[in-house]
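Next come the chains, spelled out residue by residue.
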Amino acid sequence: MVAAIRRRVPAYFLLAPGTLWLIIFFVIPLYFMGKLSLDTEIPGTLHYHFTWEWSNYKEALELYDTQFFRSFEYAGIATVLCLVIGYPLAYVIAFKAGRWRNLMLFAVVAPFFTTYLVRTLAWETILSDESPVTEFLHTIGLAPGGHILATGFAVIAGITYNFLPFMILPLYASLERIDVRVLEASKDLYASASSTFWKVTLPLSLPGVVAGTLLTFIPAVGDYVNAEFLGGVNNRMIGNVIQSLYLTQSDYSAAAALSFVLMAVIMIVVFIYIRFAGSEALMGQEAT
Amino acid sequence: MGTSGSAKKGAGRLALALAGLAVAVGLAACGSGIEGPVEATGAKVELEKKATGNLVISNWPLYIDKKTVPNFEKATGVSVAYHEDINSNEEFFNKMQPQLSAGESGGRSIFVLADYMVAKMIKLGYLMELDHSALPEVKANLVKNLRHPPFDPERKFSVPWQSGMTGIIVNKEQAPEVHSICDLFNPKYKGKVDFLNEVRETVPLVMKCEGVDTEKATEADWLKAIEKIKTAATDGQIRRFTGNDYAQDLTNGNAIAVMGWSGDAVQLQADNPNLEWRMPTEGCMLWSEDMIIPVGAPNATAAEAFMNYVYKPEVQANIAAYVNYVTPVEGVQEVLAKTEPEIASNHLIFPSPSFIKNCSPTPALEGKEEKNVIKAFDEVLNG
Chain A
1 MVAAIRRRVP AYFLLAPGTL WLIIFFVIPL YFMGKLSLDT EIPGTLHYHF TWEWSNYKEA
61 LELYDTQFFR SFEYAGIATV LCLVIGYPLA YVIAFKAGRW RNLMLFAVVA PFFTTYLVRT
121 LAWETILSDE SPVTEFLHTI GLAPGGHILA TGFAVIAGIT YNFLPFMILP LYASLERIDV
181 RVLEASKDLY ASASSTFWKV TLPLSLPGVV AGTLLTFIPA VGDYVNAEFL GGVNNRMIGN
241 VIQSLYLTQS DYSAAAALSF VLMAVIMIVV FIYIRFAGSE ALMGQEAT
Chain B
1 MGTSGSAKKG AGRLALALAG LAVAVGLAAC GSGIEGPVEA TGAKVELEKK ATGNLVISNW
61 PLYIDKKTVP NFEKATGVSV AYHEDINSNE EFFNKMQPQL SAGESGGRSI FVLADYMVAK
121 MIKLGYLMEL DHSALPEVKA NLVKNLRHPP FDPERKFSVP WQSGMTGIIV NKEQAPEVHS
181 ICDLFNPKYK GKVDFLNEVR ETVPLVMKCE GVDTEKATEA DWLKAIEKIK TAATDGQIRR
241 FTGNDYAQDL TNGNAIAVMG WSGDAVQLQA DNPNLEWRMP TEGCMLWSED MIIPVGAPNA
301 TAAEAFMNYV YKPEVQANIA AYVNYVTPVE GVQEVLAKTE PEIASNHLIF PSPSFIKNCS
361 PTPALEGKEE KNVIKAFDEV LNG
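Residue numbers (our numbering), protein chains in the order written: chain A, 1 to 288; chain B, 1 to 383.
Think of the hints as simulated: they come from the structure by calculation, not from any bench.
Some hints could be false.
What the hints assert, rightly or not - List of simulated lysine-lysine pairs, DSSO-like, C-alpha gap at most 30 Å:
#, chain 1, residue 1, chain 2, residue 2
1, B, K123, A, K35
2, B, K216, A, K35
3, B, K224, A, K58
4, B, K50, A, K58
5, B, K371, A, K58
6, A, K58, B, K357
7, B, K228, A, K58
8, B, K375, B, K216
Claimed, not checked - So the derived list for chain B, only partly shown, Cβ under 8 Å to chain A, looks like this:
#, residue
9, I238
10, F241
11, G253
Beta carbons are placed, not taken as given, at the ideal position from N, Cα and C, and that holds for glycine.
Make a model of the complete structure from these sequences and hints.
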């Protein structure tokens with residue numbers, strides 16, 4: 001018993017720097033944000049005091065539920081699009097690219113050499129009303145209002161574009177690890193190409209799918225840059241609301257409350273997802 | 001043995017250092033000024049004999065010519081760090097507010113902010129009272145109509161930087177018939193109209209379209225106008241709410257009629273001659289932005305020297321010729337008439353009284369009314 005505890009002590013000691021790091025940069029800020037979310041403003045002073053003001057939560061949610069659901073909708077659609085676009089690409093890079101593999105991987109990562117903001121602003125120009133792209137899409141009937149910018153379509157497209165590498169890289173990593181002998185064995189046992197894919201490749205790449213969807217979905221829900229530049233009046237996301245509560249309305253309590261709810265909902269969604277997808281898939285085949 | 005002991009000691013020290021940091025972060029958060037007691041300040045500028053040292057100024061982008069700052073440095077020996085880091089009154093205020101409420105200015109000595117924000121900061125005790133003995137040029141040359149504004153009747157805290165008009169900017173070819181704020185609601189221009197994200201300009205302009213006297217408007221009038229804007233926003237009539245970025249929408253052809261500021265139009269026209277600022281038939285909004293000295297500002301003497309310097313007509317002439325807004329300094333038109341007659345005769349830069357006869361000053365909003373109006377407007381902005 002004592003020996004068991006003694007064995008654990010060095011482990012805790014080694015964890016100390018990491019734990020302290022988390023305490024300083026995560027737990028303490030979280031504590032102050034939590035406290036702020038239950039504060040009330042002393043009228044006309046911009047100073048807040050703590051009053052267990054739970055109505056901050058109720059009010060913030062009542063006012064901004066639309067943007068809340070919209071954020072999950074946009075992020076969800078963008079994640080699915082990323083998966084649909086990213087999987088074939090990662091598959092080709094992992095199995096078919098041959099000597100082009102490194103170049104293709106570089107092409108996936110290359111956009112990161114420019115900042116997020118500049119890449120999004122570039123789309124603002126590409127999709128502007130008089131651009132050839134918009135005019136082409138309008139002629140084939142894909143831009144009903146004559147414009148793409150300032151619509152939900154543009155925001156989802158922006159999110160999909162910006163987060164695509166976060167989907168492709170984990171997918172590639174898990175596909176690349178697959179032992180080709182397993183695929184050969186499947187062929188030897190007379191499996192067709194498609195049943196090899198569905199029964200062998202896809203299940204083995206599930207850790208990449210789970211990691212990729214999480215890496216895409218979580219930051220996409222809280223994103224506000226795409227909605228700010230590519231969206232219009234009716235496409236604002238919850239990130240835009242929190243930003244405006246902090247920086248234009250000086251309503252710190254409501255902003256903190258919304259941030260908390262957002263965090264909680266994302267955690268619940270992720271928890272259910274991992275439960276559903278199975279933790280083995282997340283941890284990789286070693287765990288099975 | 002010896003090595004493991006010292007490693008342990010090292011780790012212990014690291015842990016201690018991290019713990020110390022944790023406490024520091026905790027304390028910083030407590031003293032951030034958002035929470036905690038209100039510290040009222042009533043600081044006054046105390047002048048030194050001569051302006052020297054460093055001066056840090058925060059202003060909006062493209063709001064001064066290239067010569068004024070170097071010339072001021074040469075004339076006084078003060079070294080100036082001029083930051084163009086203000087993009088929105090609210091955002092700048094909210095970024096600075098935790099420091100201001102702790103009596104600090106973030107090293108800056110001059111801010112340039114809109115009248116209503118200055119009014120708010122006076123009430124919160126965030127500004128230093130000016131010593132007018134160092135501002136003789138301001139006393140001599142400040143235009144009559146800006147000498148006694150309601151929010152600062154004796155100009156104890158503020159000196160105007162520039163004024164301007166908010167009206168409409170249209171693409172003459174694509175939106176020739178837009179002459180009024182009401183025209184912006186014409187379904188013909190659906191999805192091609194931008195409104196400003198400034199509650200104190202957008203809503204009063206719409207009230208003017210509704211025939212409401214903005215200076216006597218009640219909360220109900222404000223909310224009714226906001227409702228009208230909301231309907232136009234959900235219908236897709238209004239494409240976006242913008243700040244200065246309506247300029248991109250106009251040049252890319254995304255918008256063809258917007259609410260906009262007079263000075264921008266003069267600059268936009270240089271790129272695209274089809275763009276034109278129009279005085280709405282209902283009248284425009286008049287605003288000004290002021291130089292202020294925040295509490296805790298270092299070197300207030302140099303700050304006042306700068307305020308005084310830009311009020312010399314020949315100095316202000318350079319600024320006016322560059323920024324194209326309405327100058328608050330008397331005698332500039334005469335200086336420019338000799339050097340740049342085109343600018344001196346531009347009615348957007350030197351508007352005649354008959355040109356602005358229907359215009360109104362930015363209305364004051366206070367207390368609960370302000371809160372409700374801003375809340376309603378922000379709900380519209382956030383769709």
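Each hint, compared with the structure:
1. B/K123 x A/K35: Roughly 27 Å separates the two Cα atoms, so the pair holds.
2. B/K216 x A/K35: Answer violated: B/K216 to A/K35 is near 41 Å, above 30 Å.
3. B/K224 x A/K58: Holds - the C-alpha atoms of A/K58 and B/K224 are around 25 Å apart, at most 30 Å.
4. B/K50 x A/K58: Answer violated: B/K50 to A/K58 is near 57 Å, above 30 Å.
5. B/K371 x A/K58: holds (18 Å)
6. A/K58 x B/K357: violated (47 Å)
7. B/K228 x A/K58: Within the cut-off at roughly 27 Å; holds.
8. B/K375 x B/K216: Holds - the C-alpha atoms of B/K216 and B/K375 are around 21 Å apart, at most 30 Å.
9. I238: holds (6 Å)
10. F241: holds (7 Å)
11. G253: holds (4 Å)
Hint check: violations occur at hints 2, 4, 6; the rest are consistent with the structure.
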